[in-house]
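Enquirer: Here is how the chains run, residue by residue.
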Amino acid sequence: MVKRTGRSKKVGLPPGTLIHTGEKGTAEPKVTIIDYDEATVQEREVKTIEECFVFRDKPTVTWINLDGVHRIDMVEKLGDCFGFHPLVLEDILNTVQRPKMEIYGDYIYIVLKMLHVGDPSHPIEMEQVSLILGSNFVISFQEGKEGDVFNPVRERIRNGKGLIRKMGSDYLAYTLLDTVVDNYFLILERMGEAVELLEEELLTHPSHRTLQEIRKFRNEMISVRRAVWPLREVVGSLGRRESPLIRETTEIYLRDVYDHTIQVMDALETYREMLSGMLDIYLSSISNRLNSVMKVLTIIATIFMPLTFIAGIYGMNFKYMPELEWRWGYPAVWLVVAGIGISMLIYFKKKKWL
Amino acid sequence: MVKRTGRSKKVGLPPGTLIHTGEKGTAEPKVTIIDYDEATVQEREVKTIEECFVFRDKPTVTWINLDGVHRIDMVEKLGDCFGFHPLVLEDILNTVQRPKMEIYGDYIYIVLKMLHVGDPSHPIEMEQVSLILGSNFVISFQEGKEGDVFNPVRERIRNGKGLIRKMGSDYLAYTLLDTVVDNYFLILERMGEAVELLEEELLTHPSHRTLQEIRKFRNEMISVRRAVWPLREVVGSLGRRESPLIRETTEIYLRDVYDHTIQVMDALETYREMLSGMLDIYLSSISNRLNSVMKVLTIIATIFMPLTFIAGIYGMNFKYMPELEWRWGYPAVWLVVAGIGISMLIYFKKKKWL
Amino acid sequence: MVKRTGRSKKVGLPPGTLIHTGEKGTAEPKVTIIDYDEATVQEREVKTIEECFVFRDKPTVTWINLDGVHRIDMVEKLGDCFGFHPLVLEDILNTVQRPKMEIYGDYIYIVLKMLHVGDPSHPIEMEQVSLILGSNFVISFQEGKEGDVFNPVRERIRNGKGLIRKMGSDYLAYTLLDTVVDNYFLILERMGEAVELLEEELLTHPSHRTLQEIRKFRNEMISVRRAVWPLREVVGSLGRRESPLIRETTEIYLRDVYDHTIQVMDALETYREMLSGMLDIYLSSISNRLNSVMKVLTIIATIFMPLTFIAGIYGMNFKYMPELEWRWGYPAVWLVVAGIGISMLIYFKKKKWL
Amino acid sequence: MVKRTGRSKKVGLPPGTLIHTGEKGTAEPKVTIIDYDEATVQEREVKTIEECFVFRDKPTVTWINLDGVHRIDMVEKLGDCFGFHPLVLEDILNTVQRPKMEIYGDYIYIVLKMLHVGDPSHPIEMEQVSLILGSNFVISFQEGKEGDVFNPVRERIRNGKGLIRKMGSDYLAYTLLDTVVDNYFLILERMGEAVELLEEELLTHPSHRTLQEIRKFRNEMISVRRAVWPLREVVGSLGRRESPLIRETTEIYLRDVYDHTIQVMDALETYREMLSGMLDIYLSSISNRLNSVMKVLTIIATIFMPLTFIAGIYGMNFKYMPELEWRWGYPAVWLVVAGIGISMLIYFKKKKWL
Amino acid sequence: MVKRTGRSKKVGLPPGTLIHTGEKGTAEPKVTIIDYDEATVQEREVKTIEECFVFRDKPTVTWINLDGVHRIDMVEKLGDCFGFHPLVLEDILNTVQRPKMEIYGDYIYIVLKMLHVGDPSHPIEMEQVSLILGSNFVISFQEGKEGDVFNPVRERIRNGKGLIRKMGSDYLAYTLLDTVVDNYFLILERMGEAVELLEEELLTHPSHRTLQEIRKFRNEMISVRRAVWPLREVVGSLGRRESPLIRETTEIYLRDVYDHTIQVMDALETYREMLSGMLDIYLSSISNRLNSVMKVLTIIATIFMPLTFIAGIYGMNFKYMPELEWRWGYPAVWLVVAGIGISMLIYFKKKKWL
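Protein chains in written order, with this note's numbering: chain X, 117 to 470; chain B, 117 to 470; chain W, 117 to 470; chain A, 117 to 470; chain E, 117 to 470.
Careful: at least some of the hints might be erroneous.
Copies of the same chain look alike in the list, so a pair counts if it fits in one copy or across any two.
[Said to hold, decoys possible] Dumping the calculated DSSO-like pairs for lysine-lysine here, alpha-carbon to alpha-carbon at most 27 Å: (1) K146 - K332; (2) K277 - K193; (3) K193 - K282; (4) K261 - K193; (5) K146 - K261; (6) K216 - K146; (7) K174 - K193; (8) K332 - K468; (9) K467 - K174; (10) K466 - K193.
Honestly, the hints are just simulated from the structure, not real lab data.
Use the sequences and the hints to build the structure in full.
Expert: Right, here's the structure in full:
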């Protein structure tokens, strides 16, 4: 539940020391390059990172995707070639970053969290994506977990669908951002279904397990919120075009992404309020159940204690107990007993305990 | 309860792809045009969207109302003719927008939520309304649910009541906004009645159902607040006249709408505080009921346990039990029993348990 | 409790439509005029609203007080004569306004809530007061409920006590504001007494009624806060002299009123915190009482169950039960019974249950 | 607990009317004057307020301390001589002010709350101190309660310790402020001890009294916070040197006082969080106790009910009950009884109820 | 738990009076000097503070570390030599400062809290570190508790690893800050483990002790937050380069530290939310346990009370009780008893109480 940040490995080291702090991906890192302009597309997967260097000065838009940041040497070489600040490289490797954006002279560094929807019974998987946006390139770094959400973007570049081939690298960066954010809605839908199921369970047969589900769900929501909340700011300041790398035509699209992050936050907020309402219902249903248990006990005790007392009285061995000699004594006791029992039941009926 | 946003249909598509994400309205879309200036009014319902195009350049104020945004083709054609940005058209079709306002060069795009008051036993129905305000037109898009709240506005245009015929398109947009907000007060009144009923129920016969009512009501309030809260900002920035499309004379009216949205928020806030107070009362009434059940049990047990013990004693079969031989032994036991019982009752009376 | 706002009467009407939304005051409206400068005072009650018109252009300060806004015609005529905006007149008639201030060219419109202290057992009565401040007049509109809090002001004008006769209309408006705010302190004192009584009741004999009192009191506080909170802003922006109608000499007095409204908010906040503390105590006192009930039950059961069991044993009819034949068997049982009972009592004494 | 503000005495009076709203101090007011510059000190106690007037225009720094603001005449004469605004005099007399600062042309008016540490079993005593800082004088007004916290300042002036004799009146005002704030730390320490005691009591033997202590303590904290919180702002804006009366050399010292007020607020906040944690523990300890009471009851009932039933069976008077004739029937019953009892105890042991 | 601030020792003393308010460190203070530029490093430990004075005007970067601020004389001499303001010296000695930064003409004063990770069973140890950054020196003051976190920095200076030897004093100050903040992550990891353990304990065998652990942990978190929260601001304003002492090249590194402090705050916030969720689970598990206790009691009572009543009936001594004479009366009773018992068990099974 509580992520070990791995930050502690770095205590005392000079800044810019490149240490990978995430889980060691075992797979071989995969580097793909897509280079395009309005007329042409070129796509390939390379083995050595050096093959990327030629794209640095090509005027066409280049998207380099490095899937597997645990290969520190690759990240370092790439950084050296493109001239990124050591702190940027450090942040790329450190996979517990908070979403943020940093404007350097001629490139912008963006960190965000990609959420995968896996099997519904599995927890949400989170993968850090770093984007570096330059005037003619976007470099994206992934942690190397299986799969990503960028295939539709690749498809659009290949087919030339939409504006993407006509626009610059900033539009590509926007598209990647947008795709990540759009994916949050899948997570939200899954959450919405979970909330519905929880509500139903709560109303029909609440149990201690329900509470634990609520708790687990709340913790999940906390981590999703931590991924989304700072992104709002990131997208917001990109949209304010604080760097000349963002062209005016892209601004309006970024505003759109901004709206989407707000919608995500809104939905999370709504779920949070619903969950806290559920907790109240859960606690009150426990109390209600205690109440109904106690009513059963009280009804039983209230009926049988007087009756047992009466039976006890006529079980006494006094010599002079005239009732014992009566011919109808015994049936009379049964009558009294039945009378008391029935009147008690009527009493409880009227008190709405039955 | 949790709205499926339908956003997930759009994951991975290029921005500006027109996909309708709401429930498919089945009805045929209805397009009505009202064109007026101070002297003349012309009103008609058209079959094809192309009939609207002539109004684009007419100097008179034109109000085009398209009821049924699931007809993507109509929206698209209209957008093409009037030159709206693809993202605007996308937002019009996406019916889970948050209320917002966006200023484009020569038009303003406004999204808001219309709340219908249906049958009191039904949940509040929410319909997204998009307004596009140009210098000489207002185009409104509705989801195509049955009925809208704009009939009084149509009536006022027809009769020339009030200022509406003398003012421009911005005043028409204001009037539509105002009508939607005014309708919120109907919802508020209905809510106020519901709160009163809940309070009464809570004080006379609180039950688990009451709690669920409170919860349902709270969820309803959350969604109304989500519709109203961002509207405040929308109306506020319209009132600050950030676009030249808003004339100075209209500013004061927008300030008035702004006041109304604040009144709505205020009332919602008050209801929220009252509901949370109700929850406390509900929980304490459960505890009180438990207390009173336990008192009954304790009284019964405290009275009959000693009595049964006494009866038990004289039911023993010891050979030498002198009391058993006494002539008045049996009546004496009854006396003792009655004495204990009555003193117990007095004790409980004094402890205020009876 | 929940005020029906009456706003719904207005849905769909054009802005500026004059409709009175409060309770219909039945009394005949009362119009009083006080006209004064440093040297002279003239005071009279008029029958027709037209008699006020002559004061519009008199250089002396004129205070017109219209008690009874349900006479729409009067408000309208007055508005026409003095040239007020239709929305102002609408707001005057609509008695569920939130306190606010609006600056128009040559007059300022102020709405505030006057709180009456009636009989202590009655709820606080709220009356909307609208003030319109012009360069040489103040017009005040009241709802027409019985009584107001302005008599001391009238007295001061008549006697020329203090600065009031030497200053302009802005000082008069300040004086009316100040008087309304000063009256809030009476309400606060009454609330303070109520809080003290509640605390005492809570500590000596808390009951379900106490909780309902707390709730009622909290609801009352919510509505007072709604009346005071926006007033802070109103007085604050008056004090910033955003309109030339407020002279510099008056500024310092408005700062004083501002301090007072903050004091009122402070006190309300303190009461709120005290009430929430009371709720905790109430809930814990219920739990404590349950605890003590359960202790009584447990003590009784723990003592008498073993004893009854022993009596039951010797009530068995086995042929061979040697104890039954013993000479001292019966007294021995009594000894054992007494022994068990007393040791139980000692045990509970030590556990502090007795 | 709830302070009667006494404000209600003033309702309807013109502003600037001098009415003392605190408790009437009975003691004769004491006026002391300390006049000093770097070379000389002159200190004396005067009988009539007129003796202060000569110091108004002396270039040396003069500190006039008036202990007993219920002598309205003295305050008024002093105000007349030094030319203070009537509202300032009104505020000095009104001892329920909130800490604030007001800059007038050639003097600054500061209100703050002095907290006395009396006997630990007594509540904290609060006394309002008003300071008026002019270019060559500081006048301080106290309510006339016994004792003040300024003696160390007097001592420092007499001895010329520290900078005080070398600096101007602003430094003197700072010193007085600083002394009052330093004294808050004494209160904080006392509170810290109280919190520790409460924690210990809570963990060893929580009772309803503990809860009331927590409540009392919380109310005390609320009133201390009300005294300190606005002071932060006061000191902050003094430090921003919004008036030329504050010299640059004093600025840095005011920043120091500002830090101290923040430290005080911090500590109060920490106490508040600790108290709210205590409440949770208290409530859970009540529930735990209920649990343990119920366990005792359940254990007793579960053991003795079956046993009593068995004894009851063999107390029946059926003619044909073979067991009754058995030679070892009675001992067998005892064996069964012991077996059931012991196995029950083992069961409860395993369930950790014992 | 509640720190005695020791501030009260200072009440009434003039500002700048040097009094040490922390615990008296007993160890001899240790003064170490490291003086370096790109080419040379010189490191030594000195006995008398005067040996530091020669470094004041050397152009190389000098780091003087004084471990043991209880030696007031040393602090004072150092302050005199370097010309620090008396209030700075006072704050260095006063070890209950809040993290803060103050810009003086030619030096910057920074206070922060160093957190030591000791034995996991011990509470977190906090030590105040004061840094004074001048153009060519950094002076650090520690409380003199054993150990510090700066050894890696010393190592880096000696070895010339990283940039440190190439940069100025501001980079050294940054490095010290960074090291302190990096160390917070160790604390966070330890906290994360504690939270995990608490969660597990809560789910498997929650006890009153768990609650106390939660409370202790929360109090620890409060104090860590108090150390970190204001540091955010400190690092933030350093990063905004409000003083020329911070060079542009260092700015980016400070931004990095800023991110780290935000990450720390984020994690603390997450822990806080998780803890509050745990509390809900704890309280509900208590209620659940009460419920299950009560069910046992109710089941036992509901089964045996009717049975005991039946046995009581046939223990009565009436002369005419035909059943007693029946041959199969006794076995019939057993049948009835078993029947009632079994049907009760089935009933409870169906109610899911078993």
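Enquirer: It remains to establish, for every hint, whether it holds in the given structure.
Expert: Hints, one by one, checked against the model:
{"no.": "1", "hint": "K146 - K332", "verdict": "neither (34 Å within a copy, 47 Å between copies)"}
{"no.": "2", "hint": "K277 - K193", "verdict": "between (34 Å within a copy, 20 Å between copies)"}
{"no.": "3", "hint": "K193 - K282", "verdict": "between (30 Å within a copy, 23 Å between copies)"}
{"no.": "4", "hint": "K261 - K193", "verdict": "within (22 Å within a copy, 44 Å between copies)"}
{"no.": "5", "hint": "K146 - K261", "verdict": "within (11 Å within a copy, 50 Å between copies)"}
{"no.": "6", "hint": "K216 - K146", "verdict": "within (25 Å within a copy, 42 Å between copies)"}
{"no.": "7", "hint": "K174 - K193", "verdict": "within (19 Å within a copy, 40 Å between copies)"}
{"no.": "8", "hint": "K332 - K468", "verdict": "between (38 Å within a copy, 26 Å between copies)"}
{"no.": "9", "hint": "K467 - K174", "verdict": "neither (86 Å within a copy, 75 Å between copies)"}
{"no.": "10", "hint": "K466 - K193", "verdict": "neither (84 Å within a copy, 64 Å between copies)"}
Taken one by one, the earlier hints fail for this structure at numbers 1, 9 and 10, listed in ascending order.
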